[in-house]
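Trainee: On the provided structure of chain A, position chain B as indicated by the hints.
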Amino acid sequence: MNTLQKILTVTIWEYQRFFKIKNELIGIVVMIVMAAIGFFGTIYLLSENDEKQSVMVHQNLGNAITEKLSDTFEVKIINADEKENKIHQINESREGVLIERSENGFLVTSWKEPGQLDKIREILNNYALDNNLVLYDLSRSDFEQITQTAPLETQYLREDSERQRNTVAFIFSGFLLMAIFQGFAYQFTGITGEKQQKITEQIVSAIKPQMWMDGKILGITLTGLSSVVTYTIIGVLGGTLYFQFTGAGISSILPYLHLPTILLYLVFTLAGILMWNSFFAAIASIITDPNNSGKSSLMFLPTLFALLSFLVARDPDSAGAIFLSWFPLTSASAMPMRWVMTDLLWYETAGSWLVLSLTFYFFRILAARIFRVSILISGKEPTWQEVFGMLFSK
Amino acid sequence: MSTKVLEVNNINKKFKTVHAVKDVSFSVEKGEIFAFLGPNGAGKTTTLRIMMDIIHADSGSVRWNLHNNSENIPLPSMLGYLPEERGLYLDLPVIKTLVYLAKIRGMKGFDAKQEAMKWMERLDIADRAKEKLQALSKGNQQKVQFISAILHKPKFAVLDEPFSGFDPVNQEMFIDIIQDLKKQGTTILLSAHQMQLVERVADRIFLIDQGREIFYGKLSDIYNQHGNQYTIQLTFNNGEIPHIPQNISDAENIIKESNDRLKIIFRKDISLQKIMTTLSGIDGIMNIKTHNSNLHDIFLNLVKREKPTQTDLL
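Those protein sequence lines, which keep their order, are chains A and B.
So the first sequence is residues 2 to 395, counted in this note's numbering.
So the second sequence is residues 318 to 631, counted in this note's numbering.
So here's chain A without its partners, still in its complex pose (with noise of 0.2 Å):
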C-alpha cells in the first residue's frame, strides 16, 4: 500500500468517523422547525396587528380627529368626568390608552409606550399638516411639490451585477466560518480523544505521523465540506421556494449564482479550510486535557481572523484591507471579497492564493511534527517554551 492509498484510508476512516448522515438530517429538520416556527409566528403576529386595537379618546378632541383615529382604532369616548376614575382603571390594570388634547397639543396616556404610539402620531401629525395647509392655502399636491427631493439618476460602469457577487461574498464568508467550526470542534475532540484513549502509540507504530495527519486534515476538510455542501442545498431549495412564495419567481435566484465568483471562492475556501485545519490539529496534539488547557482558547483564534476579514467590506482599496487580502491566516475570506468589490490583478489573486496554500503545507508538517512528538505527552500540558524546544528536538 504505498502512501497515497494510505493516506486516503485515514481521510475515508476520519471523514465517515464524523459526517453521520443522520446527524446531519437531525439538524435539518431542527432548522426547518425553527423557520417554519418563525414563519407562521410571524404571521401570526402581523395577522393579529390587522385587528382594530382599542383606544380610549377624550370629548375635547374633537370631531375630526376622533373620525381620522376612528378609520384605524375602535374607538371609545369619554367625557370629562370619567378622566380621572379611566387613568386610575389604566394605572391599576396596566392597559389602555387614552388620547385627550394638552395646552401645547396631544396627550396620550397608559401604562408604558403602547404599539400604537407610531399610529396615533402617524394620524395626529397629518391631522396637524392639513391644519396647516389650510391656514397656509395651499393644496397637497403644493405641498409635494415644495418637499420632493432632488432628481438624482445612477449610472455604474462596472458590467458585473455587484449586488449579486456583494451576497455571494457573504455566503461564502459564511460557509468558511461554518466549516472552520465544524473543523475547531472535530481535530479538537478526534486528537485530544485520541490522545485520551491511548490510541496514538498504536498508530504511529501502524503509519508516518505526517501520512496520518494528512489524513486527518484532509478526511475533517471533507466533513466540514459535506456539512457546507448540505446546507447548500438546503438552502438553495428553500431560497427557491421562497422566491416562489414571494411571485418572484426562480429566475430570480440565478443572478446569484455567478460562476467566475463561486470558483474563485471555492479554491480560497478550500485552501482556507485545509490551513485551519491543520492549525487546529497543531494545537488539539500539544493539548492532554481538553477541559482544563488553557490552549483551547487559541481554537477560537481562526474565528477571530475570519471575523477580520469583513472589515475589507468597508474600503476594499486601503492599505488595510490590501494587508488582509494577502495575510494567510485572513485572505481565504479577504481576497475573495476584494476581488468581489474591486479590480484586481491576476497575480494579486494568484499570489495571494499561493501565499495561503504554502502557509497550508507548512501547517500541516507543523502538526505532524508536534503530534510526533507530544503523543506520549500526558498528565501535565508542555508550556509553549518545551513545544518549540519538541520541535527541534532529534
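Hints were generated in silico from the structure; no laboratory data involved.
Among these hints, one or two may not hold up.
As the list claims (entries may be wrong) - Covered by chain B, according to a simulated footprint, are these stretches of chain A (three or more residues, beta-carbon under 8 Å):
| # | region |
| --- | --- |
| 1 | 4 to 13 |
| 2 | 203 to 209 |
To be verified - Listed next, with one range per pair, are the computed distances between beta-carbon atoms:
| # | chain 1 | residue 1 | chain 2 | residue 2 | range |
| --- | --- | --- | --- | --- | --- |
| 3 | A | 175 | B | 456 | 49 to 57 Å |
| 4 | B | 613 | A | 5 | 46 to 54 Å |
| 5 | B | 454 | A | 355 | 49 to 57 Å |
| 6 | B | 485 | A | 299 | 43 to 51 Å |
| 7 | A | 4 | B | 358 | 35 to 43 Å |
| 8 | B | 452 | A | 235 | 28 to 36 Å |
| 9 | B | 335 | A | 4 | 33 to 41 Å |
| 10 | A | 22 | B | 438 | 38 to 46 Å |
| 11 | B | 481 | A | 355 | 47 to 55 Å |
Don't be surprised by glycine CBs; every beta carbon is placed ideally from N, CA and C.
Mentor: Relative to chain A, chain B alone:
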C-alpha cells in the same frame, strides 16, 4: 550468515530526572521468542519505544534487518506492536477498528476482515464483532488489542506486557498463541514481568533493572549460571517471623515475603543435612517448602547483587 533481525547497541535515554535506559545492548535472532524482563519502571517500555522509533535514544543505535535494503525501522506491515498503554476507539465497532488498523499497516480490507474474524473466533469474541469496544469487558478489550497487534501477520511482533489484565485461563491461552506465532515464523519480543509465564516460552532473555542489563543470554544459561541454589520457604506460627540471625551460615539471600513467610536461598553445593541443621535453630517454623530456584528467584537474587550506588540515580 547472520540471522539477527534486530540489533540494539548501547542505547541511552534520560528523561528530566531519570536515566531510564543505560547502555543497553542486545540482539534478536530470526524466529525466536526473546523476553525482555524486569520489574515495573525498569526501562522495558522505554527501550521498546526506542526500538519502535516512537521516541529517540540520546545515544546508541537500533538496526533492523527484516528486509535486505534498509537498517531503519521496517515497514509497518512487517511489525506488530502491542503497546503497554492500551487504547483503541471505544465508541466504534470492534471489527471496524481492527480492519482500519490492519489497513493502515498495509493489509487489504477484505483480507483484514477475514483474518480479524478468524482471530476473534479463536479468542471467543466473534459474537461481539459489531459491538462498540466500550461494551466489552476489560479482558475482552485486551484481546481485541492483542488481535490488532498481530492481525496483519507481522514478521516481528513486539508485545509489551501481553499477559497483564488476563485471568490464569486466558494467560494460558496466550502462552499457546505466542508459541503458535513462533511456529508460523514470527519473531517475538516479549516484555513482561510475569516471569513464571515467560520462562515457559522464551528462548533467550534480557533481564533489566533500573535501566541497566542484569543478565542477557539463553534461558538455560541463566539457570546454569545463577540457578544453582535451593530455595527454602518457611511459614511461621502465630503469623509472625521470629528474630532471625542476620548471618545464617551458607545462606545466599534472605527475603521476607510476608509477615509470616520467609524465603532463604542456599547454594546447591550445601548439603541438605547442613541446611536442616541450620533451620533447626529457628523457632516457630510451621511449614517448610523447598524447590529449585526459578526465574523469579534468580531475578530477585541478581537485582539484590546489582543494586546501584546512589551516584547512578541522577
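Trainee: Decide, hint by hint, whether the structure agrees.
Mentor: Here is what the structure says about each hint:
Counting residues of the region 4 to 13 of chain A whose CB lies closer than 8 Å to any CB of chain B gives 3, so the stated coverage by that chain holds, three being the minimum. With 6 residues having a beta carbon nearer than 8 Å to a beta carbon of chain B, the region 203 to 209 of chain A meets the requirement of three or more and the stated coverage holds. Distance hint check: the CB atoms of residue 175 of chain A and residue 456 of chain B are about 50 Å apart, consistent with the given range 49 to 57 Å. Against the hinted window of 46 to 54 Å, the Cβ-Cβ separation of residue 613 of chain B and residue 5 of chain A comes to about 50 Å, which satisfies the hint.
Between residue 454 of chain B and residue 355 of chain A the CB atoms are about 54 Å apart, so this pair conforms to the stated range of 49 to 57 Å. Here the CB-CB span from residue 485 of chain B to residue 299 of chain A is close to 49 Å, well matched to the stated 43 to 51 Å. The hinted window of 35 to 43 Å between residue 4 of chain A and residue 358 of chain B holds, with their beta carbons roughly 38 Å apart. Distance hint check: the CB atoms of residue 452 of chain B and residue 235 of chain A are about 35 Å apart, consistent with the given range 28 to 36 Å.
Evaluation of the 33 to 41 Å hint for residue 335 of chain B and residue 4 of chain A yields a pass: the beta carbon distance comes to about 37 Å. Checking the proposed 38 to 46 Å range against residue 22 of chain A and residue 438 of chain B shows it is violated: the Cβ atoms sit about 32 Å from each other. At about 53 Å, the CB distance of residue 481 of chain B to residue 355 of chain A agrees with the hint of 47 to 55 Å.
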